[in-house]
Amino acid sequence: MADRLSLMREFGRFLRFLLSELRPRGRMLTPFNLISVPVIVAAAAILVVRFTRGLGAVTNLSQEVPWGLWIGFDVVTGVAFAGGAYVITFAVYVMRMEKYRPIVRATVLNGLLAYIFYAGALALDLGRPWNIINPIIGNKFGFSSVLFLVSWHFMLYMLAEFIEFSPAVAEWLGWKRVRRVLHAFTLTAVILGITLSTLHQSGLGALYLMAKPKIHPLWYTEFIPILFFVSSIFAGLSMIILEGTLSHRVFATQINHKRHGSFEEIILGLGKGAAIAMFVYYFFHALVFVHDHRWQLITDLWGVWYLVEILGFVLVPCVLFAYGVRNRSVSIVRTAAILALIGIIMNRLNISVIAFNWNSAAHYYPSWQEIVVTLMVIFSEIWVFRWIVLRMPVMREAHELPSRPTESRPSELTASA
Amino acid sequence: MNRRHFMKTLGVAGASLAGGAARAAEQAATPEFFGVLVDTTRCIGCRSCELACAEEAGLPLPDIENDGALAEERDTSESCWTLVNRYQTSQGDVFVKRQCMHCWQPACVAACLTRAMYKTATGPVIWRSPQCMGCRFCMVSCPFDVPKFEYDEWNPKIQKCNLCWQRLEQDRKPACVESCPTDALMFGRKRDLMEIARTRIYNHPERYVHKIYGEYEVGGTGWLYLAAVPFEELGFRTDLGTTPYPEFTRDFLYGVPLVLFGLPALLYGLHELSEPQGREPAGEE
Ligand code: SF4
Ligand code: SF4
Chain L
17 MADRLSLMRE FGRFLRFLLS ELRPRGRMLT PFNLISVPVI VAAAAILVVR FTRGLGAVTN
77 LSQEVPWGLW IGFDVVTGVA FAGGAYVITF AVYVMRMEKY RPIVRATVLN GLLAYIFYAG
137 ALALDLGRPW NIINPIIGNK FGFSSVLFLV SWHFMLYMLA EFIEFSPAVA EWLGWKRVRR
197 VLHAFTLTAV ILGITLSTLH QSGLGALYLM AKPKIHPLWY TEFIPILFFV SSIFAGLSMI
257 ILEGTLSHRV FATQINHKRH GSFEEIILGL GKGAAIAMFV YYFFHALVFV HDHRWQLITD
317 LWGVWYLVEI LGFVLVPCVL FAYGVRNRSV SIVRTAAILA LIGIIMNRLN ISVIAFNWNS
377 AAHYYPSWQE IVVTLMVIFS EIWVFRWIVL RMPVMREAHE LPSRPTESRP SELTASA
Chain F
-12 MNRRHFMKTL GVAGASLAGG AARAAEQAAT PEFFGVLVDT TRCIGCRSCE LACAEEAGLP
48 LPDIENDGAL AEERDTSESC WTLVNRYQTS QGDVFVKRQC MHCWQPACVA ACLTRAMYKT
108 ATGPVIWRSP QCMGCRFCMV SCPFDVPKFE YDEWNPKIQK CNLCWQRLEQ DRKPACVESC
168 PTDALMFGRK RDLMEIARTR IYNHPERYVH KIYGEYEVGG TGWLYLAAVP FEELGFRTDL
228 GTTPYPEFTR DFLYGVPLVL FGLPALLYGL HELSEPQGRE PAGEE
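Line by line, the protein sequences are chains L and F. For what it's worth, this note's numbering labels the leading residue of the first sequence as 17, then goes sequentially. For what it's worth, this note's numbering labels the leading residue of the second sequence as -12, then goes sequentially.
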């Protein structure tokens, strides 16, 4: 009886703790809030229309252009940007490069949320999202479909990322024993996660293999899967560099000074990795260029556009990365990262939207509603990221608890780390 | 044992997630598929087939007498599975019926992750509503841009010709074939249709270009076309190649089990080998 009472009291405390954590922290009227909140509200209205009157009511999709911004940017580009998680977990857990440990949690959290939101955006684009369970249950396995593979891998990968991140959740809740159990699974989850990433990053490219007659020959190659995989490495690294710099400022209070010093080292190390991956990527492109006799194709505007992508946004950032690392300049590395990310957006959109159906009369531009919904996806990811970072030990060590009324914490489980 | 065969074996042995197994089994049986031969030199552009199709499929009926639809080139749509286009050529007006080609190895079926797109044992490629999740990957993959999507429905369907597969089960011909007054459409096994088509070219070499569209295109299609003028002039794509489209993703899918089982072992090995507290910079992977 007394046992049950104390259990109930403990549960009550837990609930109060959760409720107190749900309350927003910090100022409400920040520029980010002022922009993001109206966008999210507008997007919600758009989605109501989308689910009652069909995709045609809010998108510019057509019979010729069945996949637009929501797939081309949200899913295909977003997932490439989220590649940082598997690269960093590879470095820290597999190669044991301790230097990068301080950024593991933030990166994994970002990866997890990116998958939830960007891959989740896929559901908005599905004509019949309630059938999304079909490829998971029963005898409806489309084994021969690349999309089948990609969607399964998305799901399993989210699970793996959640396991990788879960110790932070356990620490936040003060569940010491649970944390230890979860922690034991980390290496397995990491190895599974890297494997799945390799496959679905390249799988996203393989989606376009059967669209051969529709994609401009400068962008179609049977090696799309390899190019997608290699580019996801530096896309992810560039994203960490950019995010790291941003969140370093935004969450300055969360990061202790010891880490501040190693921060520069980390950025330069990531820059080096990106330079190498980009060089390999550039080299592959050059091989494909020769192999496909592409010089015959670069005579028109498409050719110019192709060269802009490959020279301006692959070769230039690649050289900049190398230069920035050699001269130990974080700002040059950051510039390179931004250029590289623009290059990734160009590449993914070229394949999925711009050079798709290049020879047909129908041209596609995203509608404003599609853009608003895309912004909503990005903003809500940032909202959730911010919410978690301010509460869980993501940037800081677990024992550096922020000022928080201790009496609302579950008492006997408090001893964390 | 060549490489592909080796990969295939691995694919079959691999995890169910990895793909390949089911397809390999499916292709082991070589059924005799049915198809339709379209002789465009016989077509008079009466559009009876359009009307018959709309009736059979429960789609909006076209007013074939008065709607003047032949004036411009049209494409099938979510409310029209087949239509006839007119082309002005050196040989005068030529009429061409369009619909799903019912490919031998359909890209749409390989693309579908829920097996909603499905090739039946006798040849028709059909769409099974309860399974479809509306991802439109079939549309992206079909080389002929055939599947159409209902963008203005909350519960959208994919719309395309299904070769009247239910009529075939009752030993009846497709509605369009039955409605054709000039025998421009002929239904039968592809093997027989090919023979008929070749005989026509052989007997009247001056009447036809010496090519049967659909014989080899994208690995062969269920619908075959004869024409008096080169097919490019009739709105056909002649740059699609003869490779069955599922081949384009096959190597990738066979590679999947290799990675799925090989890479974790490799990663674990690396982990064991790596120095604790190693100081190497990142990205040397
Ligand atoms: S023409 Fe297109 S829809 Fe018809 S069977 Fe071939 S791939 Fe499928
Ligand atoms: S839209 Fe439907 S039929 Fe087409 S690939 Fe997706 S699930 Fe299959």
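Any given hint might turn out to be false.
For lysine to aspartate or glutamate, the following EDC-like pairs were computed, each having C-alpha atoms within a straight-line distance of at most 20 angstroms [what the hints assert, rightly or not]: (1) 228/L - 43/F; (2) 144/F - 132/F; (3) 192/L - 80/L; (4) 115/L - 308/L; (5) 144/F - 80/L; (6) 228/L - 179/F; (7) 144/F - 234/F; (8) 228/L - 26/L; (9) 228/L - 234/F; (10) 228/L - 219/F; (11) 160/F - 179/F; (12) 160/F - 42/F; (13) 228/L - 259/F; (14) 115/L - 259/F; (15) 160/F - 132/F; (16) 198/F - 156/F; (17) 115/L - 325/L; (18) 144/F - 219/F; (19) 144/F - 238/F.
What the simulated footprint calls covered on chain F by chain L, stretch by stretch (three residues with Cβ under 8 angstroms from a Cβ of chain L suffice, anywhere in the stretch; the number is not a length) [claimed, not checked]: (20) 189 to 198; (21) 221 to 230; (22) 253 to 261.
Pairwise CB distance ranges (calculated) [what the hints assert, rightly or not]: (23) 314/L - 238/F: 41 to 51 angstroms; (24) 140/F - 152/L: 19 to 29 angstroms; (25) 73/L - 79/F: 54 to 64 angstroms; (26) 48/F - 302/L: 31 to 41 angstroms.
None of these hints come from the bench; they were simulated from the model. These numbers come from a predicted model, not from an experiment. Quick reminder that beta carbons are idealized off the backbone N, C-alpha and C, glycines included.
Tested hints:
no.: 1; hint: 228/L - 43/F; verdict: violated, 34 angstroms
no.: 2; hint: 144/F - 132/F; verdict: holds, 16 angstroms
no.: 3; hint: 192/L - 80/L; verdict: violated, 55 angstroms
no.: 4; hint: 115/L - 308/L; verdict: violated, 42 angstroms
no.: 5; hint: 144/F - 80/L; verdict: holds, 16 angstroms
no.: 6; hint: 228/L - 179/F; verdict: violated, 31 angstroms
no.: 7; hint: 144/F - 234/F; verdict: violated, 27 angstroms
no.: 8; hint: 228/L - 26/L; verdict: violated, 61 angstroms
no.: 9; hint: 228/L - 234/F; verdict: holds, 12 angstroms
no.: 10; hint: 228/L - 219/F; verdict: holds, 19 angstroms
no.: 11; hint: 160/F - 179/F; verdict: holds, 15 angstroms
no.: 12; hint: 160/F - 42/F; verdict: holds, 15 angstroms
no.: 13; hint: 228/L - 259/F; verdict: violated, 42 angstroms
no.: 14; hint: 115/L - 259/F; verdict: holds, 18 angstroms
no.: 15; hint: 160/F - 132/F; verdict: violated, 25 angstroms
no.: 16; hint: 198/F - 156/F; verdict: violated, 31 angstroms
no.: 17; hint: 115/L - 325/L; verdict: violated, 33 angstroms
no.: 18; hint: 144/F - 219/F; verdict: violated, 31 angstroms
no.: 19; hint: 144/F - 238/F; verdict: violated, 31 angstroms
no.: 20; hint: 189 to 198; verdict: violated (count 0)
no.: 21; hint: 221 to 230; verdict: holds (count 4)
no.: 22; hint: 253 to 261; verdict: holds (count 5)
no.: 23; hint: 314/L - 238/F: 41 to 51 angstroms; verdict: violated, 28 angstroms
no.: 24; hint: 140/F - 152/L: 19 to 29 angstroms; verdict: holds, 24 angstroms
no.: 25; hint: 73/L - 79/F: 54 to 64 angstroms; verdict: violated, 44 angstroms
no.: 26; hint: 48/F - 302/L: 31 to 41 angstroms; verdict: violated, 57 angstroms
Comparing the model with each numbered hint stated earlier shows that hints 1, 3, 4, 6, 7, 8, 13, 15, 16, 17, 18, 19, 20, 23, 25 and 26 do not hold.
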